[in-house]
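Spelled out, the chains give:
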Amino acid sequence: MIEVDLARSSVRTLNERLHHLTPRANELHWRVLNPAGAHNIAVGITQRVDVEIKGHVGYYCAGMNAAATVVVDGHAGTGLAENIMSGLVRVRGNASQSAAASGRGGFVVIEGSAGARCGISMKGVAIVVGGSVGHMSAFMGQAGTLIVCGEAGQDLGDSLYEAEIFVAGTVASLGADCIEKEMTQDAVEHVAALLDRAGITANANRFRHYGSARRLYNFHIDHAREY
Amino acid sequence: MCGIVGLFFKRGLAVPSLGRLLARMLSQMAERGPDSTGFALYGDAAPQGTFKATLHSPHAEYDWAAFEAELSATFPSAYPARYYGSQAIYTIGADRWQFFSWLTCHHPELVTFGFGERIEVFKDVGLPDAVAKRFGLEHRSGTHALGHTRMATESAVTTEHSHPFSTGLDLCLVHNGSLSNHNWVRQSLRREGIRFVTDNDTEVAAGYLTWRLGQGMSLKEALEAALTELDGFYTFAVGTKDGFAILRDPIACKPAVLAETEDWVAMATEYRAIATLPNASTAEIWEPRPATVYSWERH
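Residue numbers (this note's numbering), protein chains in the order written: chain A, 1 to 227; chain B, 1 to 299.
Hint data in this document are derived by calculation from the structure and do not stem from the laboratory. Here a beta-carbon is modelled for each residue, glycine too, at the ideal position from N, C-alpha and C. Wrong hints could be hidden among the right ones.
[As the list claims (entries may be wrong)] Quick list of the computed label-pair ranges, beta carbon to beta carbon:
no.: 1; chain 1: A; residue 1: Thr201; chain 2: B; residue 2: Asn181; range: 46 to 54 Å
no.: 2; chain 1: B; residue 1: Ala130; chain 2: A; residue 2: His19; range: 28 to 36 Å
no.: 3; chain 1: A; residue 1: Ala25; chain 2: B; residue 2: Asp44; range: 56 to 64 Å
[To be verified] Straight-line C-alpha distance at most 20 Å; calculated SDA-like pairs for lysine to any residue:
no.: 4; chain 1: A; residue 1: Lys54; chain 2: B; residue 2: Ala280
no.: 5; chain 1: A; residue 1: Lys181; chain 2: A; residue 2: Leu216
no.: 6; chain 1: B; residue 1: Lys254; chain 2: A; residue 2: Asn40
no.: 7; chain 1: A; residue 1: Lys54; chain 2: B; residue 2: Asn279
no.: 8; chain 1: A; residue 1: Lys54; chain 2: B; residue 2: Pro278
no.: 9; chain 1: A; residue 1: Lys181; chain 2: A; residue 2: Gly199
Bound conformation, chain A alone (with noise of 0.2 Å):
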């Protein structure tokens, strides 16, 4: 176990150390201690390690993430695993606005809420949070997953492309675009195997699915002669 205490370390010191690790690197478990709200702590790891980080973090922790795992104990700021590529970030308390911004993969696990915008234009990660999630959540989402298993802010999934939305409880509003689906039964076995991986309990049979209407991205055929 590699301790690196930010109290007098830096944030760019602990990240050029995790970015020089190369995949036969025997540092394979890192701690973090005293984060106290800095930005950009263990932003673009590459390598398959275990980084724990003891307290609360600022913006963009964990961003572009791929292969790592990164558990923050603690609450996250705005932008956690943000454009994450692969791997798991996981925080054990709330997560400010944009948690897993445009994540393309990997997976993301909130276990308190998450602020405004959770899943911005996610491209293909899975996130699940434990608590709700502030407005505007996954915001013009392309590809992957959110489940939510309290409630959803105001127009969820506006704009929405192909991301799959599960929401436990009460939607304030859904956006542009966004409307209730069929739960089918894969959709049940598909929530209840991502919260078995998150290792948060709670009833798949209990969510309601949403995705998009598919309305607005495509070429519309009643304005074919508008070109």
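Knowing the structure of chain A, use the given hints to seat chain B on it.
Just chain B now, kept in the frame of chain A:
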């Protein structure tokens, strides 16, 4: 950008460490607002029948001694002043409108940054550590305080355009964001008798709250009314003689974090400012919801 911070002790006497704690919080917000820094402190109450006024001179070499002599001759009940370079705090035992009429006629070169029973407002161009040192923030006590680091978007980088803005008795406001209908609202408020010193959008928000409070609204009601009448992006932190409030616009683009312990409530644009406070690690921490007023009163 811009960074805002607030610290509110929920009960008890003035806290000697208030200034030191606020300086630490402001220092963390330097990158968010390197143009100017300001803060409002709610310290000891002015004696019965008097009020405090924070005055600012745009001239660094201003002859405050001559001004004080003239002031004492006109208002014999004025208390000895405290001087902080370009700013001075006077405690005046006179009707405040009588005082401000006199000030406007005889010293139009001076700008009033704040007035009331407890408020003192300091602001200047520069980074937070330098401005805090300039005004001796470390040594100031009080019950609550607001601070701001500014990255200018709507108006010039001058001391006068810095936050906080105070347009009414013990009321002050700091703002992260920009208002889009401030010219129209300013025009309407001028007709209602609210005075503005600058063309800054935040000053309009402060003036709006002053107007609404003057109509008898509570701070919470005034902020709820602001939701429909002020258009733009904002996170506001508001201080009154005994109160503290936070409001984010309905879209909530501008970040904000709140933290509360048994003793204090803190607000900051980013958590790293709150992390500098004692017991921050055990505080309840959350992100204020959009279009929701959070307010606290000292009892």
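The hints, checked one at a time:
In this structure, Thr201 (chain A) and Asn181 (chain B) meet the distance hint of 46 to 54 Å, their C-beta atoms being roughly 48 Å apart. Here the CB-CB span from Ala130 (chain B) to His19 (chain A) is close to 35 Å, well matched to the stated 28 to 36 Å. In this structure the supplied range 56 to 64 Å holds for Ala25 (chain A) paired with Asp44 (chain B), their Cβ-Cβ distance being about 59 Å. Between Lys54 (chain A) and Ala280 (chain B) the CA atoms are separated by roughly 14 Å; this keeps the pair inside 20 Å, and the hint holds.
Restraint check for Lys181 (chain A) and Leu216 (chain A): the C-alpha separation of about 17 Å stays at or below 20 Å, so the hint holds. Taken as a hint, the Lys254 (chain B) and Asn40 (chain A) pair is honoured in the structure, with Cα atoms around 19 Å apart against an allowance of 20 Å. This hinted pair checks out: Lys54 (chain A) and Asn279 (chain B) have alpha carbons roughly 16 Å apart, not beyond 20 Å. Distance restraint check for Lys54 (chain A) and Pro278 (chain B): the Cα-Cα separation of roughly 17 Å lies within the 20 Å cut-off, and the hinted pair is therefore satisfied.
Between Lys181 (chain A) and Gly199 (chain A) the alpha-carbon distance is near 26 Å, which puts this suggested pair outside the 20 Å criterion.
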